[in-house]
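Student: Those protein sequences? They're chains L and C, same order as listed.
For the first sequence, the numbering used here gives the first residue as 406, with consecutive numbering after it.
For the second sequence, the numbering used here gives the first residue as -8, with consecutive numbering after it.
A hint or two may mislead.
Away from chain L, derived, C-beta distances all over 10 Å, residues of chain C [claimed, not checked]:
1) -7
2) 2
3) 122
4) 167
5) 185
6) 242
7) 245
8) 285
9) 350
10) 360
Simulated restraints on C-beta separations [stated by the list, open to error]:
11) 509(C) <-> 550(L): 54 to 62 Å
12) 27(C) <-> 620(L): 42 to 50 Å
13) 597(L) <-> 509(C): 40 to 48 Å
14) 153(C) <-> 458(L): 53 to 61 Å
If you're looking for bench data, these hints aren't it; they were derived computationally from the structure.
No residue lacks a Cβ here, since even glycine has one placed at the ideal position from N, Cα and C.
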Amino acid sequence: MKYASWIALVLVVAASIALWHFYPSAGTQTVVVYVSHDQVFSEPILKDFEKDTGIKVLAVYDTEETKSTGAMNRLIAEKSNPQADVYWANEPVRAEVLRQQHISAPYVSPSAAGIPDTFRDPDGYWTGFAARARLLIVHTGVDPRPTSVLSYTDPNWRGKAVIANPLFGTTTDQIAALFSVWGDDRGNSFMRGLHANDVKISPSNGDSADLVARGEFAFSLVDSDDAVNRMKQHQPVDLVYPDQAADEVGCLIVPNAAVLIAGAPHPEAGKKLLDYLLSNDTERKLALSDAAQIPLHPGITPPPQLKPIESIKVMKVNYADVAAKLQAIQPVLKAWVGS
Amino acid sequence: MQKRLTLIAAAVLLVVIGLLPVLMMVANSFVVDGVFSVAAYRALLASGKQQWVLMGHSLSLSLGVAFFATTVGVPLGLLLGKTDLPFRRTFTILLAVPLLIPPYVIAVAWFAVIGAGGWITRLLPAISHHLSWAFFGLYGCIAVLFTAFVPIVILLTIAYLGAVNPRLEAAGRLVSGWPGVLRRITLPLIAPAIVFAAVLVFLLTLGEVGVPTYLRYSVYPVETLTQFAAFYDFSAATAAAIPLLIVTLAMLTLEYGLLHKQVSELANVTFGVSRAQIELGRWKFPLLAVVLIWALITVALPLAALVAEAPSLTAYAEAFSRASDSILRSLVFAVIGASLLTVLGFFWGYIVHDRTLPFWRGVDALALFLFTLPGTVIGIGLISLWNTPVTNLVYRTPAIIILGYLAQYAVLPTRMTSGILERIPPSLERAARLCGADWFMTLRHIVAPLAIRGLIAVWIVSYVFCLRDLGISMVVYPPGSDTLPVRILTLMANGAPTLLAALCVILVAITLLPLAAAALWLRRKSPL
Chain L
406 MKYASWIALV LVVAASIALW HFYPSAGTQT VVVYVSHDQV FSEPILKDFE
456 KDTGIKVLAV YDTEETKSTG AMNRLIAEKS NPQADVYWAN EPVRAEVLRQ
506 QHISAPYVSP SAAGIPDTFR DPDGYWTGFA ARARLLIVHT GVDPRPTSVL
556 SYTDPNWRGK AVIANPLFGT TTDQIAALFS VWGDDRGNSF MRGLHANDVK
606 ISPSNGDSAD LVARGEFAFS LVDSDDAVNR MKQHQPVDLV YPDQAADEVG
656 CLIVPNAAVL IAGAPHPEAG KKLLDYLLSN DTERKLALSD AAQIPLHPGI
706 TPPPQLKPIE SIKVMKVNYA DVAAKLQAIQ PVLKAWVGS
Chain C
-8 MQKRLTLIAA AVLLVVIGLL PVLMMVANSF VVDGVFSVAA YRALLASGKQ
42 QWVLMGHSLS LSLGVAFFAT TVGVPLGLLL GKTDLPFRRT FTILLAVPLL
92 IPPYVIAVAW FAVIGAGGWI TRLLPAISHH LSWAFFGLYG CIAVLFTAFV
142 PIVILLTIAY LGAVNPRLEA AGRLVSGWPG VLRRITLPLI APAIVFAAVL
192 VFLLTLGEVG VPTYLRYSVY PVETLTQFAA FYDFSAATAA AIPLLIVTLA
242 MLTLEYGLLH KQVSELANVT FGVSRAQIEL GRWKFPLLAV VLIWALITVA
292 LPLAALVAEA PSLTAYAEAF SRASDSILRS LVFAVIGASL LTVLGFFWGY
342 IVHDRTLPFW RGVDALALFL FTLPGTVIGI GLISLWNTPV TNLVYRTPAI
392 IILGYLAQYA VLPTRMTSGI LERIPPSLER AARLCGADWF MTLRHIVAPL
442 AIRGLIAVWI VSYVFCLRDL GISMVVYPPG SDTLPVRILT LMANGAPTLL
492 AALCVILVAI TLLPLAAAAL WLRRKSPL
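When you get a sec, could you build the whole thing from the sequences and use the hints?
Tutor: Next up, the structure:
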């Protein structure tokens, strides 16, 4: 009993010292950021921000792979008592949802100059940077190659294609964007066509890319970083920009989005972080890293495996419309996944 | 009076920590734009047969896992807890290891063994395709979750075998051999424990999301997750969770009906009688081989696969450089959580053991109910309750994680302490009171010293569960304060496999090292 009391005392003291060590002192300037971009890529950028500005970053990480159950839902749950200053979304549709729910605040960063208007909210509720393209990852042995998202419904590819669960992440954005561009009738027909053509569903874009790399499927729609990563690992895959012909819809571009939170506890530090995220320097780092993001500022070299944004036929969408469409087609997607 | 007030305060604390967040969340689901609404529930009822298909999947998976875990776990528990099998203590610790690891890590480890490009695929390429397809689906989910949860059945069987009155078995032995005694006395007496273990495994499987998502098997909790993750609709998410809560309550009611009819037989512990052990004789070594093979396949193989994924020290150096803060935080939070669970759980367990307060059964049921709720549900409830300007001191600090631990894992110290107290002769407590000691003095000088060995076990079990927690930590961890399991999960997206494997190995190691230290320390102490 005596020993146990001593052990308990030592544990309590050690725990108190450790807790003291973890938390910044009162004088330290801090910024709280919730991040939906992959931690492995976003953390080094935030560490650089700490080094450059002396502002301590307190982050909550989340990823598309974890279905964003953390950051986005916390932001909504904390609406009445915001804890975050900045949200680093990995796609603009989430940022739009936050705007619609009055969780974000407007801020036009000077660093956003040069980013095309297509990739930013006109009122400054979110600003896009460092984008991914929605590409077809194709196994190298496949010939001829698919060239369009419509290949999914082409009987020649019956049972040979896989797509990530359209209830989550950028695949939801893709389907919502297609509904937005084509209209509901053609969108519904496309979804029925996927089932009719025996298209398989995977849990995530990463899984889809792996399934194609292993030759279990011929192709899949994935994010450009998923394709580039497999290419860097010398896996037998190639990438195809879909729908690049004159009469086709083009390739969906999904930028990251930086959002200032309404009622943020540290708004000035939050704005500094937004300026940093939207800078040329951050875009350059994200292009050179394994994140393989396509810069949106003009004149920054993209990853070697990818084309610069100016050379891609981009799908012309309004992200606010895509966000609205995304919410409207949820019952369709849910029924589609369950059927 | 002193005793009554303390126990009532402990019960109220459990309600505030555990029940209030869940009630708050349910209450919020009836409010849309500040007005009472049942729209979320109407939408759920109108959502058609898809819900029932998903619920069918969930029930199939839960029944499958519970069936296999019970079928395999009870005989293993008997072997390890009742026989003279060599190295049985070592095997008990070894077979408990999967319980220390988050189930999704086990799924990742198994994928390294039987997935495409895994060990078996390389050895037997002819069957790799079939194996890979079977792995991704119901069978894979059953196999992984069975591996993860079978230790629950083994450990509960061993624990309850220790509570069987040895005199009953001794009497049985006068007229029958061990097979007859086991069939007619021991197994019927521990049947409630077996049912409890099966129900626990069933409910834990029912709430599991990570493994079915990883292995592409659609289950009902994904519906709740979808509402949270894809629709951002909290009311609909809560409504979607209600059928799960109904199944959970139904299973707990069934378990209560079965458990409390016979529990009195286990409570009548007789002191001073040694426990009889089954001598295996010529079966000793064949059975040792069976247990050894089982341990190699279900524990050593997936762990070896993890270690093989991170074969160099560089991987561990990288893991420490990227996650040393998370590792330290995990340890500290787990130590604090386990210490508080041990102290508070002592009083909750006392309430259940003492049975003098009219709501003792409610305390036990609430603790068990909270344990079976998905961590994300408790997490969202904690945000609903604690994220207010006046409670920022709790919400912005690790206190919110600790509260989550206390809510989710209350049942562990409660039931364990209750079991420990059953073994202390009540006459000792009464004698102390007759000598003039108040209740606290009796606890301090009589009960606690006698229960110390058991309380250390309570602390260790609580520590393990706090350390491996993911569901609650993921939802409520304060900015900049992630834990190791959370970091592993967030690094899974595009993180290098060697880094992930190294972090998983570190998680297992920091769980096992204190366990090993405690085991050594306990061996030097005399048993109760």
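Student: Would the non-interface assignment of residue -7(C) survive a Cβ cutoff of 10 Å against chain L?
Tutor: Correct as stated: the minimum Cβ-Cβ distance to chain L is 21 Å, above 10 Å.
Student: Please confirm whether residue 185(C) is truly not at the interface, meaning its C-beta sits more than 10 Å away from all C-beta atoms of chain L.
Tutor: 33 Å, holds
Student: Once the closest CB in chain L is found, is it more than 10 Å from residue 360(C)?
Tutor: 22 Å, holds
Student: Classify the label on residue 242(C) as holds or violated, using whether its beta-carbon is more than 10 Å from each beta-carbon of chain L.
Tutor: Non-interface label on residue 242(C) holds, nearest chain L Cβ at 25 Å vs cutoff 10 Å.
Student: Is the nearest CB of chain L more than 10 Å from the CB of residue 167(C)?
Tutor: 42 Å, holds
Student: Any Cβ of chain L at or closer than 10 Å to residue 2(C), or is the non-interface label fine?
Tutor: 24 Å, holds
Student: Taking 53 to 61 Å as the hint, is the beta-carbon distance of residue 153(C) and residue 458(L) inside that range?
Tutor: 60 Å, holds
Student: Is residue 122(C) truly not at the interface, in the sense that its beta carbon sits beyond 10 Å from all beta carbons of chain L?
Tutor: 13 Å, holds
Student: With 42 to 50 Å as the target window, see if residue 27(C) and residue 620(L) comply at their CB atoms.
Tutor: 56 Å, violated
Student: Is the Cβ of residue 285(C) farther than 10 Å from every Cβ of chain L?
Tutor: 30 Å, holds
Student: Taking the Cβ atom of residue 509(C) and the Cβ atom of residue 550(L), is their distance within the range 54 to 62 Å?
Tutor: 60 Å, holds
Student: Over 10 Å to the closest beta carbon of chain L is the bar; see if residue 350(C) clears it.
Tutor: Since the minimum Cβ distance to chain L is about 30 Å, residue 350(C) lies beyond 10 Å and the statement holds.
In summary, the structure is inconsistent with hints 12, 13 from the numbered list given earlier, while agreeing with the others.
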